[in-house]
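A.B. asks: Residue-level listing of the chains:
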Amino acid sequence: MRASPFRIGLIGLSGAVPGILVAVVLFLAIFSWPAIQFNGLGFLVGKTWNLGNLYANPVKVGGFLVPHGAQYGILVFIVGTLATSAIALLIAVPVSLGVAIFLAEGVPGRLRPGLSLIVELLAVVPSVVYGLWGVTVLAPLIAHVVAPGFNDVLGFIPIFAGGSATGFGLLTSSLVLTLMVVPIVTATIYSALQQVGNSDKEAAYALGALKFEMATRAMLPAVRGSIVGAVILGLGRALGETMAVLMVSGGAINYLPRTLMSPISTMAAFIVSQLDSAEQDPTGMAVRSLAEIALVLFIITVIVNAAARLITRGLHVGLASRG
Amino acid sequence: MQTDGGMIVRRRSILLGTIGAGAAGVLGLGSRPAFAAEISLLETGSTLLYPLFNLWVPVYTAKNPGVRITTQGTGSGTGIAQAISGVAQIGASDAYMSDPQMKRDPDILNIPLAISAQTVNYNVPGFNDANLKLSGPVLAGIYGGKITHWNDPAIVKINPGAKLAAHVITPIHRTDGSGDTFIFTQYLAASTPEWANSVGYGTTISWPPVPGGIGAIGNPGMVQASGQTAYSIAYIGVSFHKEIAGAKLGTAMLQNRDGNFVLPTPKTVGAAAAAVEDKTPADERISLIFAPGPDSYPIINYEYAIVNRRQPNEKIAAAIRDFLAWAVDPDGGSAAKFLEPVQFLPLPPKIAALSKQQIAKIGRTGT
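From first to last, the protein sequence lines stand for chains C and A. Under this note's numbering, think of the first position of the first sequence as 1, with each following residue one higher. Under this note's numbering, think of the first position of the second sequence as 1, with each following residue one higher.
So that you can see chain A by itself, here it is in the shape it has in the complex (with noise of 0.2 Å):
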């Protein structure tokens, strides 16, 4: 009996050892990424550039069979840590970094890809096809709480003739990490003193409390709080333009630093970028926020592909420079057929240049 039990003993040992065994085994082919006979990358971040990755990835990878790319529309501050922390190969992100993070991470680089805006949407009946007027303060006060109805004096100054009854405002704010968070509270930042002093501006910042202004998650999000909620105000990337309009919201004309109010088109866009592009320094962070000239659009910026230069193997680092190099070209990613869509702008040829040094940096670890 004695045996017999001992037996059954070593036989359950052995078996827990091949078990074990064959864990080991499971987990150790897991970590070998040089088994797969392709490569997989994963961009994730802005859903801002979501929509527009989603035009590149298909037709890409078409032509590239060898790699495969995943996409994913988090937010442009799950896209910058997610870069850092090796996550994803590609974040995405309508911010750059700011200076003491890229002293605590300094193998971050900003890699602008295309040149997006922002539109300043609102859900006031009757007046959704009239592109009403507000300016930067009066932004600040809505988002401030301080302006807290459509007849507010501010809004009706700006906007004479406009019979605007007094119904309370919604502000609507992102809940998540978000670059159209960070470009938004730039142009309040850079256009009202008071907002700077007081909120300044970030991926996420400490929204003054305003009783009934809400938060919403991405972009989609935004559209569809501020669609089904009547009074509202948003602020949405450009990229969404097909939903703005599905949900009929109204685009504000938005002042910019020369005081004309301007409307977002490829025009207004492309005269703020030509103002600050001879700014723009070898590692690309830079605020296009609120350009001079009279037809500059206030709220434009560099979308970026946020990439750690040190990659785990050069095959990875070859399959990101080369994507990101296709991204860039006239030819390839930036071509109109491409970016008329999500109505962003390629970047100008001496932008495109700086990104194109700054993607020839991805290399792997020990480089």
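Next comes chain C alone, as it looks inside the complex (with noise of 0.2 Å):
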């Protein structure tokens, strides 16, 4: 076959992807290998990140040229960003569920074009736009109404009591989020629902099903695939969101979190708040740090992505054995 440049191309274009993949993880391991060496598995256990005296002498620690007492564990920000997707997806899913059910069926013909083109606009809005609200409208919000009303009824449980002063926080972050999260998810197990045939509905209904039971029984497990999908989709953009999360975080280090409302960070956001002072250390060694929070972020993503899959494929394999 001959090669064409057409071919040829493709061929290129297609190899590009996984390509520039391999080389971002390149760069990030060998850009912070000095830092993986300096930090050493306490990177993911210590809770104390400190660039260190960035105005005195670097001091040789270790066989490495840092700053004065510098340091750098990342557990508070692995919590964060673990904490903030997994609430975040814990309310999504259920209600993109939801949403998206009624849009295929409890909505009149007329009016679904509509419906789903708001839906669809939700997933555009700049992640700031949503920072800005969080920060003017839903921060308030918890400190004066929402953290004062859970500490008074469910305040015998420890996560939801004491309150917030600020608002700034854990939940006001993983609801962010939600709001992120939830019309990506929603339009993605929709356009799914779309593609259920005429006859599974009409089987359905034919057993005498009503429409909720149709829609449970006969919708949601033909497109179960997409709904993990759909879902891995929500939780990139919650585990990866920078912006918004850095607005309204509280921006806590050093501490993990003890309540919902208490102040946390994020990896990602974490890695923006910090990259300009750790641009003033001559040493290189906070850049370097940087880098290799970005590039545990990355593994958690791969990691997360990968049970997703393996969960997905054993739902395929119990349907085909039951069928």
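It is worth saying that the hints were derived from the structure and are not from the lab. Just so it is clear, CB atoms sit at the ideal spot from N, CA and C, and this is done for glycine as well. There could be a bad hint or two in this list.
[Stated by the list, open to error] Pair ranges (Cβ atoms, derived):
(1) C:Val125 / A:Val168: 33 to 39 Å
(2) C:Ile20 / A:Arg68: 32 to 38 Å
(3) A:Ser85 / C:Leu233: 31 to 37 Å
(4) A:Ala318 / C:Pro113: 56 to 62 Å
(5) A:Asn151 / C:Val129: 38 to 44 Å
[Unchecked claim] Facing chain C, from chain A, some residues (calculated, C-beta under 10 Å):
(6) Ser85
(7) Ala95
(8) Arg104
(9) Val168
(10) His173
(11) Gly200
(12) Pro211
(13) Gly212
(14) Ile214
(15) Ala216
(16) Gly221
(17) Ala225
(18) Tyr231
[Unchecked claim] Result set (DSS-like, lysine-lysine): computed pairs, CA atoms no more than 25 Å apart in a straight line:
(19) A:Lys63 / A:Lys337
(20) A:Lys356 / A:Lys315
(21) C:Lys60 / A:Lys103
(22) A:Lys267 / A:Lys242
(23) A:Lys337 / A:Lys350
(24) C:Lys47 / A:Lys146
Dock chain one against chain two, each of which comes alone in its own frame, and use the hints as you go.
C.D. replies: In structure tokens form, the structure reads like this:
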């Protein structure tokens, strides 16, 4: 077969995607290698992040030139990232399922295009807009209404107790993320639901199913794979979201959240907030440690993705064995 | 048939080639600023200097139509970093660069443009008009997590008569790299040995864990967070005095080196500047924090333009020199009509002369 320029072009382009991914990982790994050696495993379990004294002469610690007092531990940010994403998905997935089913089955046909357009529009709103809304509307609401309410009603459970002085923190960040995740997940599930054949639905009705039963028993099982895919998509957005979370997280460092209202930091937001000061570190160890955070964030994303895919495959196998 | 196919492929490859050449042409054009009729400068950094640059730039560019200046309030850390990397021509910073940094980037100049101060503001309902008194050790206690309530004996002792209730203090700090963090923590370090030995100072520091204490982005973020959080405390650049008043925050009287409690006024800021100006070295990197003298306000600083003295070409260098020289000129950017609205003080004549010497050093690569 003759190699046409078209074919070569396509091979080049398709090879570029994994190529870029590998290049990014390689760059992060090579660039952060001194930090990986300097930090060791303490990086993942340490709670203290300290750039050290950038205004004093650097000192040699374990063979590495670092600012005096430098110490890099990111447990706080790992916990912040996973906790906000988990809470966001916990709320977003049921809501998205409901909205998607409503759009597919509960809405008169004439209204459907308009409503689904609104959902898709929500997905393209820049994150800084959600962040600003979080700062000006949600945070005061959490501080003055939600947090005191939780304290009064559910205060006997430690994570709901104590109230919140500022409204910035875990719950606010999670809710902002929820708002950003719902449109993506909804749109994906909705488009999958539209593919469900009429015969499946009619079969369910023929067996005497109500609309709700038809939706939950016939439609949802048919799009199970798409639902997991949609959740992965939403999780990806939640794990990596930077600006909106930075604005409402409260920017906690050096301590773990104790309640839903505690200030937190996520890995992505923390990299952004620290990068400029880190660049002033003449030894470069601070920037390399930030690159190491990026590497860890990437690895976490891959693990979460792989786990979700395994679950999907398990579901398919389960369905097949039942059939 | 075969010939036809070959023709199509050939035509496509010609098309691809044309697109490629077009793209290269566009890229080539973009990398040659000499094509531009105007000179564009980017100023980025300190949110404290940002309001002043926004007063300066329209007036200056009206007089100099060949120059376009973009201003950004991104935090002093960004200002320093982007001046070094070359993204910005002028980095605005409330902090000067450290010795180890200067060793790494010896071509970077730290040029004072004006004298600024920082206020410590609080939101304690009922006391926001009262100018509560605070000292370095008390602030170090609050930000260090040792003083947690407004009725702590250390606060009550210096505010006799103020009936402060047992409300939890929410200390607010800057999340982004900030010259305000730099000068605030310098005050804590200079006045409180314990803080100097444990936390130290910098544009970003490792804040002691104070559960409930939060970070905010930029001076605007500090004003907003403090305004909507009762019983909070924050450190904010004096150029935000209008926003501070708008949020109805209280301004603290701070204890100076001589033990007196003072508010930031032209008199107290000027007294502090006069006490330390003679110590300013030729490269002008010096802390003005915690100056001696009975009237000296303890948190003042030079506002710096961070500039690489080796610019890509002489045209850009000349534009930067001209703008900065105008900025420190008492008849130009340092006139009262610019500095008073942001409550900055002009540089004393001696310091302005030092700044002009540094501005004259800005040239092109290879000089």
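A.B. asks: Could you run down the list of hints and mark each one as holding or not?
C.D. replies: Now for the hints, and whether the structure bears them out:
no.: 1; hint: C:Val125 / A:Val168: 33 to 39 Å; in the structure: holds (35 Å)
no.: 2; hint: C:Ile20 / A:Arg68: 32 to 38 Å; in the structure: holds (35 Å)
no.: 3; hint: A:Ser85 / C:Leu233: 31 to 37 Å; in the structure: holds (34 Å)
no.: 4; hint: A:Ala318 / C:Pro113: 56 to 62 Å; in the structure: holds (59 Å)
no.: 5; hint: A:Asn151 / C:Val129: 38 to 44 Å; in the structure: holds (41 Å)
no.: 6; hint: Ser85; in the structure: holds (8 Å)
no.: 7; hint: Ala95; in the structure: holds (9 Å)
no.: 8; hint: Arg104; in the structure: holds (4 Å)
no.: 9; hint: Val168; in the structure: holds (7 Å)
no.: 10; hint: His173; in the structure: holds (8 Å)
no.: 11; hint: Gly200; in the structure: holds (5 Å)
no.: 12; hint: Pro211; in the structure: holds (6 Å)
no.: 13; hint: Gly212; in the structure: holds (6 Å)
no.: 14; hint: Ile214; in the structure: holds (4 Å)
no.: 15; hint: Ala216; in the structure: holds (7 Å)
no.: 16; hint: Gly221; in the structure: holds (8 Å)
no.: 17; hint: Ala225; in the structure: holds (6 Å)
no.: 18; hint: Tyr231; in the structure: holds (7 Å)
no.: 19; hint: A:Lys63 / A:Lys337; in the structure: holds (17 Å)
no.: 20; hint: A:Lys356 / A:Lys315; in the structure: holds (18 Å)
no.: 21; hint: C:Lys60 / A:Lys103; in the structure: holds (17 Å)
no.: 22; hint: A:Lys267 / A:Lys242; in the structure: holds (19 Å)
no.: 23; hint: A:Lys337 / A:Lys350; in the structure: holds (21 Å)
no.: 24; hint: C:Lys47 / A:Lys146; in the structure: holds (20 Å)
The structure meets every hint from the earlier list without exception.
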